[in-house]
Each structure stands twice: as structure tokens, then as C-alpha cells.
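Peer 1: Here the protein sequences come in this chain order: H and X.
Under our numbering, the very last position in the first sequence is 232; numbers go up by exactly one each time.
Under our numbering, the very last position in the second sequence is 230; numbers go up by exactly one each time.
It is possible that some hints are incorrect.
Chain X regions said to be covered by chain H (calculated; three or more residues, Cβ under 8 Å) [unchecked claim]: (1) 49 to 63; (2) 102 to 108; (3) 126 to 138; (4) 175 to 183.
Just a sample of chain H residues kept apart from chain X, beta carbon distances all over 12 Å, derived [what the hints assert, rightly or not]: (5) Gly25; (6) Glu60; (7) Leu112.
Examples of chain H residues toward chain X, derived with CB under 10 Å [stated by the list, open to error]: (8) Ser21; (9) Ala23; (10) Ala223; (11) Gly229.
Everything labelled a hint here was simulated from the structure, so no lab data went into it.
Keep in mind the model is a prediction, meaning the values are calculated, not measured.
In this text, a Cβ means the ideal position worked out from N, Cα and C, and glycines have one as well.
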Amino acid sequence: MILHNIRLAHFPNPLGISELSIAAGQTVLLLGPSGCGKSSLLKAIAGFSDPAEGHIGGEEKAAILLQNPQHQIIMQTVEDELLFSLKNAGKSVVDPGTDYLKLIETLGIGSLLNRDMNSLSFGEVQLIMIAATFLTDAGIYLLDEPTSHLDPPAIRACYQCMHRLKESGKTVCVSGQIADEYLFFDRVWIMDKGSIVADLPSEVFGTTYREYGLLTDSELIHASLNRIGSAK
Amino acid sequence: MKIHPFHYTISPGSFLRNEHLIDLSAFSCIGILGPVGSGKSQLIKLLADSGLRSSGAFSEYPFCAYLSQDLTRLFTGNTPSSILELYRDTRYEIGRHFDAGIFADACRELQIDELIARNRRLAHYSEGERQRLGICLASAVLAPVTILDEPTTALDTHCRQILFSMIGKMRERTQIYVISHRLADLLAVCDYMIRMEDCCVAEHFPVELIIEKPHILSYYSLLNGENNVR
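Just chain H, with the same shape it has in the complex (with noise of 0.2 Å):
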């Protein structure tokens, strides 16, 4: 997928990079301020909303899970909702390649499939839709802060979830907050008001991430953890 000269809609500036591409099997993930386009960028790559300039290239299949996951709900049940995806693809869970059982396994999401889907937290709607993201049949996988109410063992989870498509070949895209979670990516695209202003493989965002005004979790709680011992 190729991001030719694109300007994102209500973004004065252009993205940056005329010609920015992932690669099929890459995982990207998409850091940045509050209002920078990250949802922009994302529901343009889909075919969501057009950018104001440029055009996107390439022919793989999007799917997309937006940043309040509540929206997307369907079906009335955990099970029902996840069997969607799947029939919307023309499959069943007992398809070869279907990751059905095994997505629910990691995600530890068996013990919800016959819950309604209102009865759940908020977190669980994350989860339960997170799954159903990845059960849609596409080459391209775009997820907007999808770990936003997830503990870290349900992350970790998603990753690993994440990791298994890479290795079969797809682009998954995810943007957030967390810049610890950097470790899970191939890259970084780190981006201000509607542009693109770095593009690092995540080895080297790991040792530079703070030129970008960002902090990691991890620091934060060591920091806290100093003050609190050095009051005892």
C-alpha cells in the first residue's frame, strides 16, 4: 500500500512523505498528540474518507476498528458478533486458516462468547471487537487505539494476535498512546497536525522517542516508584 502526495481532510499540511509505504507483513504503529490525524490518516487509508489531496494506492482489503469500538457493535451476542466476520467472509470457524478458536484462546475471550454484547465493559467490547477486527477477511489491518482500556496481560494478547497475521503475510496498522508498545511493532510513524514527521524502524525509536516529546509508561512508574521509596 502507497500513500502517494496525500494532505489529510481539516489539515493544512501535507503528510510529509510523498510516497509513504508499508509493506506486506510490516506492523506499523502510529504515534502522536491529541488531534494530529491519527484517526484521519487511518479512516483514509480505508477508503473511510477521502484525503484533501493525493491518493492511496494499492488494492488489498481494509478492515478497521474504530476508536470507540461501541460504534461498530452488530449482533446482539459475544458469538454472534465474532461469527459475522467470519460469514461476512464467507467462512466458518472450522475452515482451514480460520483462527477462530485459537483468537479466542489467546484473547481469553471463551468465557464471554455467550454474554450480550451491552452486558460488557467496556474493555471487553474492546476485546470482543479487536477479535472480530481480525477475523475479517482483508490484507490490510488498520486499528485505532485499540489497547486504550485493555490490562497489560489483554495487550500483550493482542499482539500476539497481531503477530500471527504478519507472519501470514497481512499489514496491520494500529495507532495509540502507549509508546511502550513500540516493542510489539517493525515501525514507528510518530506524527504532528496531519504530517508524518518521522518514520523510524522501532529499534531506533526505542533509543530516540523522547526527541519527540513522548515518555514511556515503564519511566513514569520508575520515577513514581523513586519518589515513593525516597518519602519512606
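Once you've looked at the hints, dock chain X against the given chain H.
Peer 2: Leaving out everything else, chain X in the frame of chain H:
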């Protein structure tokens, strides 16, 4: 404020429980942590939702300022001015507690004052912008208790730091309850912690004791655990 031992039926076969007497009167910012679906928001609803007072979970039920987790549902279709009209309506309790000056200051601090002045429909806001507006509204409601349910999920590093500093000032006039999956947030602002597990209060402790809780510290280490894919 105290939390009594209680056993509350959420739905048939689903319960929220506490077996401890938790005295929170000496603390100004209480963090509630625990896995997805462990009952954190349910616990706080027993305090904030006047229809659930029969649970007897809390020793008192003061008026609460409340920032919900689901910001989109609250705001879609409105503009900042229409929401402010509601918050200023003194026919309702929220209007009698709302301080427009504090709201304006909070908007400046969280850098959404210009956005609000443009008065676009909130459906066009980013989630982070909506969350900042929600925080400003909650912080301007002068209630004895302020509840912030996952207030940093869409905030960037800079805005999180501003929120921490705002909470530092707010706690002088209101007791704050913060629910979060981010231990860094809770350690930055809270002086007491309640950990939920399986819809039950598993433990509660002053924040200083966190360094004696390796199980919590390792749980909240993102790279801890065998299912790390890298």
C-alpha cells in the same frame, strides 16, 4: 467515606463483592485498578448512581462529578455551547455545582479553549479532544466527590502531565476516584489503591505500600509474561 462489606447482584448469577471495611476518609485520591471486566466501573457506579444506593456499599452518597468512559455516546450530536447550557442549568443539581470560571481555566490548561470557541459539533472532535472536554467539565463541577473513569485513554503524554497537575489542585476541594489500566497514572496522582479481581475487592492499601506488591508491579509491566510476541 467508607466502603462497607457488601454483596451486590449485578445480574442473575453475576455479583460484585467486598469483604473489607475500607476507610477512605484520610485520602484525597483513590485509584481503582484491576483487569478488564474485574468490576472497577461497577464499583464506582454503586457510589455515583443514585438508583444503586440500596447496595449499602458506601457510608455516604454525596453528589458526584463524573467523567464517563464512553465519551462519544455522551457528546454525539451536541456542540460545546449546547453542553455548557446543560451544565449551567440551575434547575438541575449539576448546574447548581458548576463553576464556569474553573471550566474556562481548565480548557486553557488542557489547550482546548480555541477549539471550544469554534463551537463545532462534538462528533467532529477527535477522541482525545472529547476526553479533554469531559475532564474540563468534570473538574468544574464543585462536588464533594469527583470520579474519573479511565481519564487518560486518549490523552497524549503532554496532556496526561497537565491532568496530573490539575488533579493535584482538585484534590484540595474534592475526593477523587480514578479508574485506570495505567499504573503510571495511578502512581502519579493517588494516595490510596483499591485492586479489583473477579468482581471482588482483592486488596486495598496506601500507595506507599506499592513497593511491597511485586505481583502488581509485574502485572503492570507491559513486557512481562510469556505471551510477549517479540
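Peer 1: Among all the numbered hints in the text so far, which are the ones the structure does not match?
Peer 2: Per hint list: 1, 2, 7, 8 and 9 violated.
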